[in-house]
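Undergrad: Here is what each chain is made of, one letter per residue.
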Amino acid sequence: MIEKVREKRPLIYHITNTVVTNFTANGLLAMGASPVMADAEEEAAEMAAAADALVLNIGTLHPSQVKAMFVAGRAANKKGIPIVLDPVGAGATSYRTETARQLLKELNISLLRGNVGEIKALIGSDGNIQGVDAIQTEVDEMEAVAKEAASLFSVPVVVSGAVDIVTDEKDLYRVANGDELLIRITGSGCLLSGVIASFLTVNDSRTEAAADALTYYGVAAEKAAMKGEQPGSFQVAFLDALYEVGKEEIQKMAKQEKMTLS
Amino acid sequence: MIEKVREKRPLIYHITNTVVTNFTANGLLAMGASPVMADAEEEAAEMAAAADALVLNIGTLHPSQVKAMFVAGRAANKKGIPIVLDPVGAGATSYRTETARQLLKELNISLLRGNVGEIKALIGSDGNIQGVDAIQTEVDEMEAVAKEAASLFSVPVVVSGAVDIVTDEKDLYRVANGDELLIRITGSGCLLSGVIASFLTVNDSRTEAAADALTYYGVAAEKAAMKGEQPGSFQVAFLDALYEVGKEEIQKMAKQEKMTLS
Amino acid sequence: MIEKVREKRPLIYHITNTVVTNFTANGLLAMGASPVMADAEEEAAEMAAAADALVLNIGTLHPSQVKAMFVAGRAANKKGIPIVLDPVGAGATSYRTETARQLLKELNISLLRGNVGEIKALIGSDGNIQGVDAIQTEVDEMEAVAKEAASLFSVPVVVSGAVDIVTDEKDLYRVANGDELLIRITGSGCLLSGVIASFLTVNDSRTEAAADALTYYGVAAEKAAMKGEQPGSFQVAFLDALYEVGKEEIQKMAKQEKMTLS
Numbered sequence: 001m002i003e004k005v006r007e008k009r010p011l012i013y014h015i016t017n018t019v020v021t022n023f024t025a026n027g028l029l030a031m032g033a034s035p036v037m038a039d040a041e042e043e044a045a046e047m048a049a050a051a052d053a054l055v056l057n058i059g060t061l062h063p064s065q066v067k068a069m070f071v072a073g074r075a076a077n078k079k080g081i082p083i084v085l086d087p088v089g090a091g092a093t094s095y096r097t098e099t100a101r102q103l104l105k106e107l108n109i110s111l112l113r114g115n116v117g118e119i120k121a122l123i124g125s126d127g128n129i130q131g132v133d134a135i136q137t138e139v140d141e142m143e144a145v146a147k148e149a150a151s152l153f154s155v156p157v158v159v160s161g162a163v164d165i166v167t168d169e170k171d172l173y174r175v176a177n178g179d180e181l182l183i184r185i186t187g188s189g190c191l192l193s194g195v196i197a198s199f200l201t202v203n204d205s206r207t208e209a210a211a212d213a214l215t216y217y218g219v220a221a222e223k224a225a226m227k228g229e230q231p232g233s234f235q236v237a238f239l240d241a242l243y244e245v246g247k248e249e250i251q252k253m254a255k256q257e258k259m260t261l262s
Numbered sequence: 001m002i003e004k005v006r007e008k009r010p011l012i013y014h015i016t017n018t019v020v021t022n023f024t025a026n027g028l029l030a031m032g033a034s035p036v037m038a039d040a041e042e043e044a045a046e047m048a049a050a051a052d053a054l055v056l057n058i059g060t061l062h063p064s065q066v067k068a069m070f071v072a073g074r075a076a077n078k079k080g081i082p083i084v085l086d087p088v089g090a091g092a093t094s095y096r097t098e099t100a101r102q103l104l105k106e107l108n109i110s111l112l113r114g115n116v117g118e119i120k121a122l123i124g125s126d127g128n129i130q131g132v133d134a135i136q137t138e139v140d141e142m143e144a145v146a147k148e149a150a151s152l153f154s155v156p157v158v159v160s161g162a163v164d165i166v167t168d169e170k171d172l173y174r175v176a177n178g179d180e181l182l183i184r185i186t187g188s189g190c191l192l193s194g195v196i197a198s199f200l201t202v203n204d205s206r207t208e209a210a211a212d213a214l215t216y217y218g219v220a221a222e223k224a225a226m227k228g229e230q231p232g233s234f235q236v237a238f239l240d241a242l243y244e245v246g247k248e249e250i251q252k253m254a255k256q257e258k259m260t261l262s
Numbered sequence: 001m002i003e004k005v006r007e008k009r010p011l012i013y014h015i016t017n018t019v020v021t022n023f024t025a026n027g028l029l030a031m032g033a034s035p036v037m038a039d040a041e042e043e044a045a046e047m048a049a050a051a052d053a054l055v056l057n058i059g060t061l062h063p064s065q066v067k068a069m070f071v072a073g074r075a076a077n078k079k080g081i082p083i084v085l086d087p088v089g090a091g092a093t094s095y096r097t098e099t100a101r102q103l104l105k106e107l108n109i110s111l112l113r114g115n116v117g118e119i120k121a122l123i124g125s126d127g128n129i130q131g132v133d134a135i136q137t138e139v140d141e142m143e144a145v146a147k148e149a150a151s152l153f154s155v156p157v158v159v160s161g162a163v164d165i166v167t168d169e170k171d172l173y174r175v176a177n178g179d180e181l182l183i184r185i186t187g188s189g190c191l192l193s194g195v196i197a198s199f200l201t202v203n204d205s206r207t208e209a210a211a212d213a214l215t216y217y218g219v220a221a222e223k224a225a226m227k228g229e230q231p232g233s234f235q236v237a238f239l240d241a242l243y244e245v246g247k248e249e250i251q252k253m254a255k256q257e258k259m260t261l262s
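Protein chains in written order, with full-length UniProt numbering: chain A, 1 to 262; chain B, 1 to 262; chain C, 1 to 262.
The following block holds chain A by itself, in its conformation from the complex (with noise of 0.2 Å):
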C-alpha cells in the first residue's frame, strides 16, 4: 500500500505539538506524503477542508490550540476525510485526559492511536477491562485495553507497545515489526500517527490500513537498526528507510498476523 500512497502523496495536515513538528514533517516528507501543520484557530477550517487527513496531537495543548483543533475537527467531518487522535500524555494530566475525551465525543474520529497508558487512562478504568482475568501477558493486556477503547469510543484503535495491536471489535492485528530505539527518539509514536493517517487516504478499511502503516514503519525502524545503532545515527537511518522502503522489502519482512473476532 506504500505505492499508493506515494502515488497520492497525500496532504496531511496536523495540529500537533510543538516537541515533534520537525519530525514529523521530515519523515512524512521522506515517505512521500506532503505534511501541513497550523495551530491557529483562523485557518484551522480552511486548511482542513484542504487537506487529505487530518492528525489531532494534544503534546503541548494550550487553549487556543484546543479551540483549533475542534474548528478544523468540524471541518474535517464535513468533509469527509479521516482524522486520527493521538492522546500524548493523557492521564498525565486531567486538562490533557478530559481534553481527549472531549475530543472522541464531539468529533466523528477514524482512528485513536497512543500506548497502552494513555489509552488506559482514556478508558477511565484502572483495571476493570473485560477479561481481565485473561490477562498473563503485556499484550494480553494491550488486546484487551484496545478492545475495550474500540468498543467504548466505537472507533478503530492501535494500542503502540513492543507488539503494536490494531482493532475494531470485529477484526484484530498484531504487528511485531519495529526495534526498541524507537523510543529513544521522540516523537516516533507522533510521526507514526501521520503515517497511518496517510495509509487512511488510501485504503476504507481503516484497521487494514493501519495495520499495514505500522508494518512499513516497522520495517523501516529494523532496517535503520541495521545502520545505526545509536538513537543519533538511528534516527538519520530511519528517515533514509522510510524514504527506500518499497513493497518487496515490506512482503519479505513484515510480522503481521490478523485474527477475525466473533
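None of these hints come from the bench; they were simulated from the model.
One or more of the hints may lead you astray.
As the list makes no split between identical chains, a pair holds if one copy fits it or if it spans any two.
Claimed, not checked - Calculated lysine-lysine pairs in the DSBU-like style (CA-CA distance at most 30 Å, straight line):
no.	residue 1	residue 2
1	223	252
2	247	227
3	247	67
4	247	8
5	227	252
Based on the hints, put chains B and C in the right spot on chain A.
TA: Structure of chains B and C alone, referenced to chain A:
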C-alpha cells in the same frame, strides 16, 4: 561573499514557524551567522533593534505572532536593517494570504521569497500575468511571476524552484544550483530566507546578494547530495556543507546567469 | 553518577523555547532520562507534581508561558524537586532580563546556568564585579561573575564557556571538557540544563552534581568530535555519545578540578 558573511557573523532575528526553528538555527550557525528567534510582542522591538536583519515567516501564524511581526518590522525599518518576507503557504488559506499582503503593504520589505504558487497567490491573479503568451516552460512562468510581483510590490523577488529566479525589474538572475532532495526535507525554503537575509547584511545590491546566497546554498546542496542520497543523511550532510563550502568551491560550481532587463 | 541517572530515569519537566524542544528531548532520551514538555498554565502544576525536576528556559518567552512557569515553579517548590533556570538571552531584551530576575526572586531556584553575558545581565552590573582588578583572563571573569551571582541570588551557579565554572560560594569547580563544535549547534546549552537537572535528582550536593553533569556532557562532546567534524555530523555523533558514554570513559577523560573557597 560567503567570507564577508562569516566575518560579520550577522545577528538574524527570525519570527518564524514552529516546524523549522531548529533547522533554521542550525543552518545559520553552520554557515557562520548568528540566529535568534523570539515571538513575543513584548520584546520584538528591542530584538529587532539589536539585529542585523529580520526574517518574517508566516508558516504557523497566530494573532499574537502577527502583532510581534509588525512591531519587529517597524523597529527594523526604523533602524534601516533588511527584512525578508517568506510567505509560507500563501494561497492555502486567506489568513496567510491577507497577512502576507498586509506585511508587504505596511512594512518596508527588502526582499520577498517564495515558491511560484505562493508568489502567484500574493499577486492575486490566477494567470493574469504579463506576457502570458510567451510562457511555454516552468521557468518562463517563474520569471513572469517574479517580474509581476517585483513590479506590483516594488520589491526584489526570489522565486524558488528547480531554477531559482531573482529580479527587481532591472536585473534578473537565474541560479541553477541545488538538488531535488531539498524538497524532501522540511524548512529548506525557510532556512534559505535566513541565508539570503544574512547576505543582504554585507551587500547593498539586494539582487546580487540574493543571487550569491542562492548559489552558495545550491552548491552546498549539491555537495551534500554526493554524501547523503536519502533525506536523513542528506540533511546531515547539508548542514556539514553549509559549514564547509567556501569561495573557491562556489566559484567552481556556480551556475549563475545575470540578465539586464530593459 | 551517570549510572544512577540511567537507573532512576528521572522525569524532567521542561518549560522551554520552541527552537530546542526536539533536540532537548532527544538528548535526554539518549542519555537515559525521560523528558516531558508542556507550556499551558492549565496543566503546569500537575505536570510539575509528577516530575523529578523542572527546567525553566526563557528562550522564546511569551506571557502565557511565563504564567505557566510560575505555576510549575510553585508546584515544584511545594514538592521539593529541583528547579534549573536557564536565562537564555538575558540582557538581550528587558523582557527576558526582568522575567529571569522575577523567577529568581519568587521561586526557590536550585541552580542557575547561563553563559557569562547572560549571568552578568542578571547581576546588573556591567563590570562592577568583586575582585575586578584580579581579572586578567576570560576564565577569571567567568569565575568572578559566577561567584557574584551565587552570592547575590543565594543559588549555585554554572557559567558555561570554554571552561565551565560551578560555584556556590563554598566550592568552585572548573570543568575543561567539551568541544567548540557545541557552539555550532543550537540548543547545546539548553540541553545541558536538562542534563544538569537530571543529575540533581540523584545527588544532594548541587555543585558536585552539576560538575559531574558538565564532565559527562563534555566527554560526550569530545567523543562526538572524533566522529563528526562538521556541525551536522557532530550533532548526530553527539546524540550517539550521550547514549554510549559510561563511567569508565568519563573517569579516563575527565578534566574536573575542585577548589574550596574560604
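Undergrad: Going back to the hint list, which numbers does this structure go against?
TA: Hint check: 3 fails alone, others pass.
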